[in-house]
Amino acid sequence: NAGVTQTPKFRILKIGQSMTLQCTQDMNHNYMYWYRQDPGMGLKLIYYSVGAGITDKGEVPNGYNVSRSTTEDFPLRLELAAPSQTSVYFCASRIGPGANVLTFGAGSRLTVL
Amino acid sequence: DQQVKQNSPSLSVQEGRISILNCDYTNSMFDYFLWYKKYPAEGPTFLISISSIKDKNEDGRFTVFLNKSAKHLSLHIVPSQPGDSAVYFCAASGPTSYGKLTFGQGTILTVHP
Numbered sequence: 042n043a044g045v046t047q048t049p050k051f052r053i054l055k056i057g058q059s060m061t062l063q064c065t066q067d068m069n070h071n072y073m074y075w076y077r078q079d080p081g082m083g084l085k086l087i088y089y090s091v092g093a094g095i096t097d098k099g100e101v102p103n104g105y106n107v108s109r110s111t112t113e114d115f116p117l118r119l120e121l122a123a124p125s126q127t128s129v130y131f132c133a134s135r136i137g138p139g140a141n142v143l144t145f146g147a148g149s150r151l152t153v154l
Numbered sequence: 307d308q309q310v311k312q313n314s315p316s317l318s319v320q321e322g323r324i325s326i327l328n329c330d331y332t333n334s335m336f337d338y339f340l341w342y343k344k345y346p347a348e349g350p351t352f353l354i355s356i357s358s359i360k361d362k363n364e365d366g367r368f369t370v371f372l373n374k375s376a377k378h379l380s381l382h383i384v385p386s387q388p389g390d391s392a393v394y395f396c397a398a399s400g401p402t403s404y405g406k407l408t409f410g411q412g413t414i415l416t417v418h419p
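Residue numbers (the working numbering), protein chains in the order written: chain A, 42 to 154; chain B, 307 to 419.
Excised from the complex, chain A in its bound form:
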């Protein structure tokens, strides 16, 4: 039981490049989330999903896209990377309604130069 797995752990992008951060969970959780953490700041919600085929914006969605074709996977797409997207990205999941605790992945550190 691996929990929430994120890849890659580290990535350096050039301005204008695109990439996808992968997130998969093996706990059969319905709800999944993407957060970003900037230095000295708390985690801010980018996008979330309450089930396959259903996604919605969080607090800071600009510059990102998501999809949820399966229960297990919730990839985060960065289009036209900008230096402001330099951050640590965390994927999280929870079983569903009534369970308030999120389980987080180890994070993906992205640098845009």
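No lab work stands behind these hints: they were computed from the structure.
Don't take every hint at face value.
[Unchecked claim] For lysine-lysine, the following DSSO-like pairs were computed, each having C-alpha atoms within a straight-line distance of at most 30 Å:
#	chain 1	residue 1	chain 2	residue 2
1	B	LYS406	B	LYS360
2	B	LYS377	A	LYS50
3	A	LYS55	B	LYS374
4	A	LYS85	B	LYS377
5	A	LYS50	B	LYS362
6	B	LYS377	B	LYS311
7	A	LYS55	B	LYS377
8	B	LYS374	B	LYS311
9	B	LYS374	A	LYS85
10	A	LYS85	B	LYS343
11	B	LYS406	A	LYS85
12	A	LYS50	B	LYS374
13	B	LYS360	B	LYS311
14	A	LYS85	A	LYS98
15	B	LYS343	B	LYS311
16	B	LYS360	A	LYS55
17	A	LYS55	B	LYS362
18	B	LYS343	B	LYS377
19	A	LYS50	B	LYS360
20	A	LYS98	B	LYS362
21	B	LYS360	A	LYS85
[As the list claims (entries may be wrong)] Here are the in silico distance ranges between beta carbons for each label pair:
#	chain 1	residue 1	chain 2	residue 2	range
22	B	HIS382	A	LEU154	36 to 46 Å
23	B	GLU321	A	ALA123	39 to 49 Å
24	A	PRO124	B	LEU317	29 to 39 Å
25	A	LYS98	B	PRO401	25 to 35 Å
26	B	ASN333	A	ASP79	20 to 30 Å
27	A	LYS98	B	SER334	17 to 27 Å
Remember, predicted model here, so these are calculated numbers, not experimental data.
Ideal Cβ placement from N, Cα and C applies to all residues, glycine included.
Based on these hints, arrange chain B on the given structure of chain A.
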């Protein structure tokens, strides 16, 4: 608008003493509060939580206190141990938030042997 605030960026305590971490919130719709602990290069891990119908919750060395009238919660760690050294995040969610958590900025706790 920072709905969850941790005003102390850092806290340093001696091993064996009490650590008190504080958190304030502004959104009166929040009804569930959590503390997460984060080590470097790892994702946040759940520590303890409290529902708004309670004012105290204990789990071993960790106790969370909630003062709804003051919109304030605190985490007490007694006795503190060097392994408790980490970043502690306060988080909150509301009844219709689909489990979305709003995080504070975090407090770096250092416990000296």
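Going down the list of hints, with the structure as the test:
1. B:LYS406 / B:LYS360: holds, 21 Å
2. B:LYS377 / A:LYS50: The given pair, whose Cα atoms are some 37 Å apart, is violated under the 30 Å limit.
3. A:LYS55 / B:LYS374: Status violated; Cα separation ~47 Å.
4. A:LYS85 / B:LYS377: holds, 21 Å
5. A:LYS50 / B:LYS362: Since the Cα atoms of LYS50 (chain A) and LYS362 (chain B) sit roughly 37 Å apart, the hinted pair is violated (cutoff 30 Å).
6. B:LYS377 / B:LYS311: holds, 11 Å
7. A:LYS55 / B:LYS377: violated, 43 Å
8. B:LYS374 / B:LYS311: The given pair, whose Cα atoms are some 15 Å apart, holds under the 30 Å limit.
9. B:LYS374 / A:LYS85: It holds: about 24 Å lies between the C-alpha atoms, which stays within 30 Å.
10. A:LYS85 / B:LYS343: Holds, at about 16 Å.
11. B:LYS406 / A:LYS85: holds, 10 Å
12. A:LYS50 / B:LYS374: violated, 39 Å
13. B:LYS360 / B:LYS311: holds, 21 Å
14. A:LYS85 / A:LYS98: holds, 12 Å
15. B:LYS343 / B:LYS311: holds, 16 Å
16. B:LYS360 / A:LYS55: violated, 49 Å
17. A:LYS55 / B:LYS362: Violated - the C-alpha atoms of LYS362 (chain B) and LYS55 (chain A) are around 49 Å apart, more than 30 Å.
18. B:LYS343 / B:LYS377: holds, 21 Å
19. A:LYS50 / B:LYS360: violated, 39 Å
20. A:LYS98 / B:LYS362: violated, 33 Å
21. B:LYS360 / A:LYS85: Within the cut-off at roughly 27 Å; holds.
22. B:HIS382 / A:LEU154: 36 to 46 Å: Holds, at about 43 Å.
23. B:GLU321 / A:ALA123: 39 to 49 Å: holds, 44 Å
24. A:PRO124 / B:LEU317: 29 to 39 Å: The hint (29 to 39 Å, Cβ to Cβ) holds, given that PRO124 (chain A) and LEU317 (chain B) are roughly 32 Å apart.
25. A:LYS98 / B:PRO401: 25 to 35 Å: Since the Cβ atoms of LYS98 (chain A) and PRO401 (chain B) sit about 20 Å apart, the hinted range of 25 to 35 Å is violated.
26. B:ASN333 / A:ASP79: 20 to 30 Å: The hint (20 to 30 Å, Cβ to Cβ) holds, given that ASN333 (chain B) and ASP79 (chain A) are roughly 21 Å apart.
27. A:LYS98 / B:SER334: 17 to 27 Å: holds, 24 Å
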